[in-house]
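Chemist: Take 193 as the starting number for the sequence shown in my numbering and just add one per residue.
Calculated directly from the structure, the hints in this document are not laboratory data. Predicted model only: the values in this text are computed from it and were never measured. Please note that the accuracy of each hint is not assured.
Once the Cα atoms are required to be at most 25 Å apart in a straight line, the calculated SDA-like pairs of lysine to any residue come out as [to be verified]:
#1 Lys436 - Ser308
#2 Lys381 - Pro326
#3 Lys395 - Gln418
Now the in silico label distances, taken between C-beta atoms and shown as ranges [to be verified]:
#4 Ser367 - Asn341: 12 to 22 Å
#5 Ser308 - Gly412: 34 to 44 Å
#6 Gln313 - Glu417: 33 to 43 Å
Just so it is clear, CB atoms sit at the ideal spot from N, CA and C, and this is done for glycine as well.
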Amino acid sequence: MQIDPRTMGQLIQLQSLNQLDLQGTSAQRASSDMDGSLFDILLQEMMLAEQDANVSADSAGTDARSVLESLQRYLYSAGSNDSDTLDDLFSEVFSNSEAVTAMRRQENSTVLPSESPADLQSLITQASARYGVPESLIKAVIATESSFNSQAVSSAGAKGLMQLMDGTARGLGVSNPFDPAQNIDGGTKYLSYQINRYGGDVKTALAAYNAGPGRLQRLGIGNDEQLMEKFRLLPQETQGYIAKIMRAQAKFEA
Numbered sequence: 193m194q195i196d197p198r199t200m201g202q203l204i205q206l207q208s209l210n211q212l213d214l215q216g217t218s219a220q221r222a223s224s225d226m227d228g229s230l231f232d233i234l235l236q237e238m239m240l241a242e243q244d245a246n247v248s249a250d251s252a253g254t255d256a257r258s259v260l261e262s263l264q265r266y267l268y269s270a271g272s273n274d275s276d277t278l279d280d281l282f283s284e285v286f287s288n289s290e291a292v293t294a295m296r297r298q299e300n301s302t303v304l305p306s307e308s309p310a311d312l313q314s315l316i317t318q319a320s321a322r323y324g325v326p327e328s329l330i331k332a333v334i335a336t337e338s339s340f341n342s343q344a345v346s347s348a349g350a351k352g353l354m355q356l357m358d359g360t361a362r363g364l365g366v367s368n369p370f371d372p373a374q375n376i377d378g379g380t381k382y383l384s385y386q387i388n389r390y391g392g393d394v395k396t397a398l399a400a401y402n403a404g405p406g407r408l409q410r411l412g413i414g415n416d417e418q419l420m421e422k423f424r425l426l427p428q429e430t431q432g433y434i435a436k437i438m439r440a441q442a443k444f445e446a
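Take the sequences, apply the hints, and build the full model.
Modeler: Here it is as structure tokens:
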């Protein structure tokens with residue numbers, strides 16, 4: 193079987209992207225239980241995608257999309273510090289893929305658009321236990337991001353209770369961001385990943401959740417001390433976002 197030259201070009205480009213190091217720490221390697229090189233993984237994904245003889249011209253971007261999704265899932269599970277590159281890349285690749293959003297809103301949604309902390313308590317408790325994020329922080333993020341509206345959509349295209357972008361949601365295994373169970377699980381997983389990335393510094397993790405880890409990296413922000421030093425360099429929205437989350441968390445802890 194031959195691979196389309198365009199597909200191979202995408203593969204080579206992705207292979208060289210930032211010279212990604214997916215080995216992680218020894219603990220991460222043990223927990224991820226993944227073998228083989230990144231190139232082999234991407235090649236396998238592309239070969240499987242091209243086995244479909246019925247691919248139409250309208251799906252010309254499918255290979256790149258599936259490879260990026262697979263790579264992001266790999267990075268999240270491997271705990272790589274380079275996954276912020278994929279976060280930014282996903283925002284660009286999927287920025288024009290909103291046409292299917294309306295159809296997805298009704299998929300698997302079993303609750304009314306607006307919920308309350310009490311309605312979602314069991315889901316929040318489960319996510320908190322699974323990912324080690326305080327329930328009060330999860331509630332604060334939901335309250336700030338969507339005001340507990342599971343059908344919320346931002347002007348940037350973020351969706352659901354914890355306002356997940358499409359690319360990030362796919363990387364986290366969320367197929368329907370409007371489903372509270374999937375959104376809370378995926379959003380809490382992503383928040384936990386950012387908290388761990390920044391050594392437990394919650395404010396920096398929140399800045400990454402809102403503005404993207406790529407922006408923090410470009411500003412040289414890797415912990416709360418650096419965050420405070422360069423706070424004025426953050427977007428005003430992010431500055432207000434952090435303060436609002438902290439106030440909301442204090443309220444939910446009371």
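Chemist: Now look at each hint and say whether the structure bears it out.
Modeler: Now for the hints, and whether the structure bears them out:
no.	hint	result
1	Lys436 - Ser308	holds (18 Å)
2	Lys381 - Pro326	holds (12 Å)
3	Lys395 - Gln418	holds (11 Å)
4	Ser367 - Asn341: 12 to 22 Å	holds (20 Å)
5	Ser308 - Gly412: 34 to 44 Å	holds (40 Å)
6	Gln313 - Glu417: 33 to 43 Å	holds (35 Å)
In summary, the structure agrees with every hint in the numbered list given earlier.
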